[in-house]
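Student: Here's the letter readout for the chains.
There are 2 protein chains.
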Amino acid sequence: MADETVEVSIAEAKAATAKALMKIGWDEADAELQAGIMTAAEVCGNNQGLVKMYNPVLMKPAEGASKPVVERDTGSSAVVNGNQSPGMVAASMAADLAVEKVKAGVTIAIVSAYNTCTSSGQLGYYVGKMAEKGVVGIALANSPEFVAASKGAKPVFGTNPMAFGIPKSDGPPVIFDMSTSSIALFGVLTAKAKGEALPDGVATDSTGEYTTDAAKVLEGGAIQTFGGHKGAGLSLMVELLAGALSGGAVLGQVDSKKSAKSWGHTIIAIAPGPLTDGFEEKAASICSTVKSSGDVRLPGEGSSSIAAERTAAGKLPIPKKIWDMIQKTGEEGLQ
Amino acid sequence: MADETVEVSIAEAKAATAKALMKIGWDEADAELQAGIMTAAEVCGNNQGLVKMYNPVLMKPAEGASKPVVERDTGSSAVVNGNQSPGMVAASMAADLAVEKVKAGVTIAIVSAYNTCTSSGQLGYYVGKMAEKGVVGIALANSPEFVAASKGAKPVFGTNPMAFGIPKSDGPPVIFDMSTSSIALFGVLTAKAKGEALPDGVATDSTGEYTTDAAKVLEGGAIQTFGGHKGAGLSLMVELLAGALSGGAVLGQVDSKKSAKSWGHTIIAIAPGPLTDGFEEKAASICSTVKSSGDVRLPGEGSSSIAAERTAAGKLPIPKKIWDMIQKTGEEGLQ
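Residue numbers (numbering that gives the first Met the number 0), protein chains in the order written: chain A, 0 to 334; chain B, 0 to 334.
Here chain A stands alone, though its shape is the one from the complex (with noise of 0.2 Å):
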């Protein structure tokens, strides 16, 4: 948001963001959770970190939040009613609960999770945490309406993201996590924050035309998807398999995803023994050639190296304005 950046020990973000949290109402645990995963995502640079934090009413818990049950389970399968409560909370125990269905013996097993009141963040988190488990983690979530599926189209997904984790021999799991829009919804605001301008072609105001004014965006424009037509087709899938298949907020069903507060997470867990030997060393051979292949940046790359960094001088740039949010929440609460 501001330029302004106060470096701060991981452990102290961490604390402060889990004060902040339970101050607005979440218990300790829950509070705890979203601290860590939101300041793991900082820490690697992502931009579903700690900017989260900068307007907390968007993480006070619902109405009636309470805390995430499990439905419809069957040994490769299982739903996770959410209960309103966070979008983190709920994927983590879909993301655990896959990996329990794996390891008790199944190849593959499906967890879906709806109900939640907020955001799961980033996707690659879970399915990281898969991965270093030996198991390929596939996520998809879907997400209110801000992202249009053809130019000039009125927002019907939300930036709907994919990700995945897959564990290699030579090293920590390759995490790919991108959403299917052309820009993230945090972008946009951090655009209007700054006072920036957007890239061309990312986004429409709300005639339907391109615009690169992140403020006419959010007063009813739309974002696009990328990639074109298979931006927009990866988008609809997700919105199929995140929406429909795990119970959430199905639009034409709801007036808006927005308003039932109810979206959709999907997540896969496979363990690759029974389908082949060597599957590590395989990945790690498919990645280090594909490396070598040319002037090849790995998805991931980036933010491990930045999160390398970090992690070892134990701290951490965050912008001024968030700290000072996340630290005069932690005392006053919600103003």
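Treat the hints loosely; a few may be bogus.
Said to hold, decoys possible - Restraint ranges, calculated between C-beta atoms of paired labels, are given here: (1) Ser205(B) to Ser168(A): 27 to 37 Å; (2) Glu27(A) to Pro198(B): 23 to 33 Å; (3) Lys257(B) to Gly277(A): 15 to 25 Å; (4) Gly207(A) to Asp169(B): 21 to 31 Å; (5) Val253(B) to Arg296(A): 22 to 32 Å; (6) Gly277(A) to Gly313(B): 48 to 58 Å.
Because the hints were derived from the structure by calculation, they are not lab data. Where a beta carbon is used, it is the ideal one built from N, C-alpha and C, also for glycine.
Here the structure of chain A is known, so what remains is to put chain B in place on it, guided by the hints.
Tutor: Chain B only, in chain A's frame:
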């Protein structure tokens, strides 16, 4: 390839193709299945159709080709060892088996296929068949080195397609089938045959510079992935999930996937019922809301309307050179 086309009845196109495939060495069952899949692709205007018969030597049985067998069979997974059978035969078997496993009671199943000697063609065909049985189908396939991970890099990926088939209550399934490359290999071959220029920025020559000359691309150049780093990331995910997870040839572990002749496929089937009620109605609601959000073409709409027209007429246009080659091969075999 040539612009001149002939009108052929669909039944005759399929029968002549099957006859040509038998003449080059496939048995009746394998020939019928491949002819059916290629004719179905041609009927919906897909570029993985009868053009495959233009150079029939690429479709002939590999040395030692035999029937695919199922390995590593579990309740939720299996692996089809293609035994150098055609990709279409192994992929059909894998898709059928994934559906069977889901119908037998698991919510999700994964079946991969490897060791096939030819391309599986249009992946949308398999997921469409799965969705017609009420099952969500996802298919990924890798293929030989034609596509680079960045501009100027050596080709490492295939066109690495991903396809989704989603059943819905108000009509045929939504089928979304995309390559992760910015142009299909058959697009380059067709441009060369017709002497047409490629679009800007989709492919490079052997020096790593962009070219619109298809011949230069085929002489040591590379196709680019679509959609910037997101498309490159998706192509890598397909390489990992369809290449490494399937038992297919792995980059860096073989001299080349092309010479190893073992493309990989990974097929996932999901039964919606255990996860949510009314999935097909939800999918229909999402699709119709997206469709009416503006000037939007849903995935598969174009090919469905072409298919409807050609099916009603009972015939389809085939480039004369391809049709001549199919008929000649049926009489004389490979030259």
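Student: Give a verdict on every hint.
Tutor: Structure-based check of all given hints:
Under the hint 27 to 37 Å, the C-beta atoms of Ser205(B) and Ser168(A), about 33 Å apart, fit the expected range. For the pair Glu27(A) and Pro198(B), the supplied restraint of 23 to 33 Å is violated, since their beta-carbon distance comes to about 56 Å. Restraint check, Lys257(B) to Gly277(A): a C-beta distance of roughly 22 Å satisfies the suggested window 15 to 25 Å. One distance hint, 21 to 31 Å for the beta-carbon pair Gly207(A) and Asp169(B), holds here, with the actual separation near 27 Å.
Take Val253(B) and Arg296(A): their Cβ atoms lie about 25 Å apart, and the range 22 to 32 Å holds. Remark: the range hint 48 to 58 Å for Gly277(A) to Gly313(B) is upheld by a beta-carbon distance near 51 Å.
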